[in-house]
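Taken in sequence, the protein lines are chains C and Z.
If you're matching positions, the first sequence starts at 1 in the working numbering and goes up one per residue.
If you're matching positions, the second sequence starts at 1 in the working numbering and goes up one per residue.
By construction, these hints were calculated from the structure, which means they are not laboratory data.
Since the model is a prediction, treat every value here as computed from it, not as a measurement.
In this text, a Cβ means the ideal position worked out from N, Cα and C, and glycines have one as well.
Hints are supplied without guarantee of correctness; some may be wrong.
What the hints assert, rightly or not - Derived SDA-like pairs: lysine to any residue, alpha-carbon spacing no greater than 20 angstroms straight-line:
no., chain 1, residue 1, chain 2, residue 2
1, Z, K301, C, V217
2, C, K42, C, Y28
3, Z, K49, Z, S165
4, Z, K301, C, N150
5, C, K176, Z, D183
6, C, K301, Z, D2
7, C, K279, Z, F204
8, C, K34, C, L55
9, Z, K301, C, N207
10, Z, K279, C, Y189
11, Z, K42, Z, V79
12, C, K81, C, L55
13, Z, K211, Z, M103
14, C, K176, Z, A167
As the list claims (entries may be wrong) - Per the computed footprint, the stretches of chain Z lying under chain C, defined by three or more beta-carbons under 8 angstroms from a beta-carbon of chain C, are:
no., stretch
15, 183-197
16, 237-244
17, 302-315
Spelled out from the first residue to the last, the chains are:
Protein chains: 2
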Amino acid sequence: MDISNLRIGIVGATGAVGQVALNILESYHHPIEKIEAIASPKSHGKKIKYLDNYLTVKSFYNDILNSLDAIIISATSDVSKELAKIAKSRNVLVIDDGSTFRMDDTVPLVVPEVNGEDVEWHNGIISTPNCTTTPLVMVIDSLRQIQKINRVNVSTYQAVSGTGSLARKELIDQTKAMLSSQDYKVQIYPYPIGFNLLPHVDDFLTNGYTKEEMKMVNESKKILHDESISISTTCVRVPVEISHSESVQIEFSGEVEINDVVENLRTYSGIEVVDNITKNHYPTPLDSTDQDDVLVGRIRKDISINESRGISLWLSCDNLRKGASLNALQILNEVKIRSSKTFSKIK
Amino acid sequence: MDISNLRIGIVGATGAVGQVALNILESYHHPIEKIEAIASPKSHGKKIKYLDNYLTVKSFYNDILNSLDAIIISATSDVSKELAKIAKSRNVLVIDDGSTFRMDDTVPLVVPEVNGEDVEWHNGIISTPNCTTTPLVMVIDSLRQIQKINRVNVSTYQAVSGTGSLARKELIDQTKAMLSSQDYKVQIYPYPIGFNLLPHVDDFLTNGYTKEEMKMVNESKKILHDESISISTTCVRVPVEISHSESVQIEFSGEVEINDVVENLRTYSGIEVVDNITKNHYPTPLDSTDQDDVLVGRIRKDISINESRGISLWLSCDNLRKGASLNALQILNEVKIRSSKTFSKIK
Numbered sequence: 001m002d003i004s005n006l007r008i009g010i011v012g013a014t015g016a017v018g019q020v021a022l023n024i025l026e027s028y029h030h031p032i033e034k035i036e037a038i039a040s041p042k043s044h045g046k047k048i049k050y051l052d053n054y055l056t057v058k059s060f061y062n063d064i065l066n067s068l069d070a071i072i073i074s075a076t077s078d079v080s081k082e083l084a085k086i087a088k089s090r091n092v093l094v095i096d097d098g099s100t101f102r103m104d105d106t107v108p109l110v111v112p113e114v115n116g117e118d119v120e121w122h123n124g125i126i127s128t129p130n131c132t133t134t135p136l137v138m139v140i141d142s143l144r145q146i147q148k149i150n151r152v153n154v155s156t157y158q159a160v161s162g163t164g165s166l167a168r169k170e171l172i173d174q175t176k177a178m179l180s181s182q183d184y185k186v187q188i189y190p191y192p193i194g195f196n197l198l199p200h201v202d203d204f205l206t207n208g209y210t211k212e213e214m215k216m217v218n219e220s221k222k223i224l225h226d227e228s229i230s231i232s233t234t235c236v237r238v239p240v241e242i243s244h245s246e247s248v249q250i251e252f253s254g255e256v257e258i259n260d261v262v263e264n265l266r267t268y269s270g271i272e273v274v275d276n277i278t279k280n281h282y283p284t285p286l287d288s289t290d291q292d293d294v295l296v297g298r299i300r301k302d303i304s305i306n307e308s309r310g311i312s313l314w315l316s317c318d319n320l321r322k323g324a325s326l327n328a329l330q331i332l333n334e335v336k337i338r339s340s341k342t343f344s345k346i347k
Numbered sequence: 001m002d003i004s005n006l007r008i009g010i011v012g013a014t015g016a017v018g019q020v021a022l023n024i025l026e027s028y029h030h031p032i033e034k035i036e037a038i039a040s041p042k043s044h045g046k047k048i049k050y051l052d053n054y055l056t057v058k059s060f061y062n063d064i065l066n067s068l069d070a071i072i073i074s075a076t077s078d079v080s081k082e083l084a085k086i087a088k089s090r091n092v093l094v095i096d097d098g099s100t101f102r103m104d105d106t107v108p109l110v111v112p113e114v115n116g117e118d119v120e121w122h123n124g125i126i127s128t129p130n131c132t133t134t135p136l137v138m139v140i141d142s143l144r145q146i147q148k149i150n151r152v153n154v155s156t157y158q159a160v161s162g163t164g165s166l167a168r169k170e171l172i173d174q175t176k177a178m179l180s181s182q183d184y185k186v187q188i189y190p191y192p193i194g195f196n197l198l199p200h201v202d203d204f205l206t207n208g209y210t211k212e213e214m215k216m217v218n219e220s221k222k223i224l225h226d227e228s229i230s231i232s233t234t235c236v237r238v239p240v241e242i243s244h245s246e247s248v249q250i251e252f253s254g255e256v257e258i259n260d261v262v263e264n265l266r267t268y269s270g271i272e273v274v275d276n277i278t279k280n281h282y283p284t285p286l287d288s289t290d291q292d293d294v295l296v297g298r299i300r301k302d303i304s305i306n307e308s309r310g311i312s313l314w315l316s317c318d319n320l321r322k323g324a325s326l327n328a329l330q331i332l333n334e335v336k337i338r339s340s341k342t343f344s345k346i347k
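Please model the entire structure based on the sequences and the hints provided.
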């Protein structure tokens, strides 16, 4: 990834995803003068350590866009809508991390490893998928090269940081209180998440699924350009801070060899196979935290499907990193590679 | 359940399952003089509060069986083997909670709601299933009455108490240490379980599954008397103290109505449907802890299966209670109901 010449605004710079975006830019030694840390007015003036210096958080004003090539928005839906409109009018590319534009037919929804070419038809806005969708479509894309995939079933194990920094605080606060038999508040989720599980991520829809579950279904089809693939999902919040995990069952149209499955995953950019059961090697959320790659393991034949047409696997992926900020930055890189003209104002 | 006339030995009385067994007996006001609390020599003499009195823990000696009609063993495989042999020779019924005898063709494996009639062919030993199997077969048994079930896929979310009291201590100790950035020990599991997930329950087998995963598959078929049902499982340890949860997908041979599914579950003994998404009602491990019933919710069509032949649901079940000790006591009740002669020594 080389986006060092791009001037990037991080909207939501003090939030969970924004902070990780800045960490990643820092690790690439992205020049501080080519970054704007943008947040809500209450964070205006806050200093964020960056390399040997400090970024000063600014609240948004229209002319801040004059010094930017692109903004990455990780904020509320209202902020996304408002800022995207202004940025578009000023020819500043918007990479949106929210759900606002994802299913908009005029907006590409991109995981560079899967459908990088879709950035080419952007019209000022590109969306990055939901943090559970991204690792799933990478696995599916890797494996559909062996054999057509008919059906995918997923149960998720999602970290609280997917909800945001306040949810992370709630998990910590509740856990501390539970360990010392104190009272605790239940604010972010409807029930305690400390030492508990909630089969409930985002709002419920009339079909009995949650929005999160349907995001995984619909976003996957859009990214994969495959409406024929059948997907069902169960999304569960777990008392983990960072990294989402998924138990995935894939049903192919014909027989597959496990060796081919492992080999395709192993050679897929952005996936690391961690799978040696004799040594107890398998992905865990703690191990995948701060990792760029999606960790995939427990790869085996699905013994409930005849004729070796099914496999089961387990993955963990840093939801703030490849699940959000890293993917957004990689989209910028993809745009740059595919069309230098896209950033009309790059000096 | 009425087993008040039975003299019962709880082997492993100081362990996680044994303690819950005593709690249940206490809630039924089972006479203290008809209970022996049996544990390893290191617990000999320990007092356990029981109603307004105390049970004195005894280490096992052969003649303790003289005063008992049945023993419930929740201990190591070696203890199960040794004690079962002695008890059998003295005509004391053994209910074993371990995996030692479960797949033995001469030993019934029983969930009373599903296959209570199997107690009738016991030969001195009856096994109670693995704590993840029990709630699953109850759900399957309830739903196969609507339509033949072809395939079941399960991903589990298993509490640490399934491993035992030491694992529960390890979760607590690690969590405390993590919250205060202290070092912690990793002894019971290969990796930390505090704020983490391990897709690894029991040992790995050469087919890529764990023993736990294959227990669910094989025990379910035995209990259901159905070798044709295809089952696959992924078992995951989660940082929860008590109650196992399961994300379950069921594929029927023909179309099913969700209303029928809900109705069958609702009327099945031992299942409570907790499913009102407009009110955020769904099972959680915290809510199912100390409950006799298996809580089932998130009941909906599996949208990845055509022609309404599939459903998805979520369940939580107290792994120490219905998953172990309650089921063992209910087996005793079943034996008593079906054949008073079985307890030859009942006065």
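Verification of the supplied hints:
The suggested pairing of K301(Z) with V217(C) holds, with an alpha-carbon distance near 14 angstroms, which does not exceed 20 angstroms. This hinted pair does not check out: K42(C) and Y28(C) have alpha carbons roughly 29 angstroms apart, beyond 20 angstroms. Of the pairs offered as hints, the one joining K49(Z) and S165(Z) holds, with about 18 angstroms between alpha carbons and a cut-off of 20 angstroms not exceeded. For the proposed pair K301(Z) and N150(C), the alpha carbon gap of about 18 angstroms is at most 20 angstroms, so the pair holds.
Pair hint K176(C) plus D183(Z) holds up; C-alpha atoms about 17 angstroms apart against a cutoff of 20 angstroms. Of the supplied pair hints, the one linking K301(C) and D2(Z) is violated, its CA atoms being roughly 45 angstroms apart against a limit of 20 angstroms. Restraint check: the Cα-Cα separation between K279(C) and F204(Z) comes to about 10 angstroms, which is no more than 20 angstroms; the hinted pair holds. Pair hint K34(C) plus L55(C) holds up; C-alpha atoms about 11 angstroms apart against a cutoff of 20 angstroms.
Distance hint between K301(Z) and N207(C) is fulfilled; the C-alpha atoms sit about 8 angstroms from each other, no more than 20 angstroms. Under the criterion of a C-alpha separation no larger than 20 angstroms, the hint pairing K279(Z) with Y189(C) is consistent with the structure, at around 13 angstroms. A hinted pair counts as satisfied when its Cα atoms are at most 20 angstroms apart, and K42(Z) with V79(Z) qualifies at roughly 15 angstroms. A threshold of 20 angstroms between alpha carbons decides the hint, and for K81(C) with L55(C) the separation of about 25 angstroms lies outside it, so the pair is violated.
Only pairs whose Cα atoms come within 20 angstroms are accepted, and K211(Z) paired with M103(Z) is accepted, the gap being roughly 13 angstroms. At most 20 angstroms may separate the alpha-carbon atoms for a hinted pair to count; K176(C) and A167(Z) meet this at roughly 19 angstroms. Chain C is given as covering the stretch 183-197 of chain Z, and this holds because 6 residues of the stretch bring a CB closer than 8 angstroms to a CB of that chain, at least three being needed. Counting residues of the stretch 237-244 of chain Z whose CB falls under 8 angstroms from any CB of chain C gives 4; the rule of at least 3 is met.
Counting residues of the stretch 302-315 of chain Z whose CB falls under 8 angstroms from any CB of chain C gives 8; the rule of at least 3 is met.
Figure legend: structure checked against the earlier numbered hints; hints not met, in rising order: 2, 6, 12.
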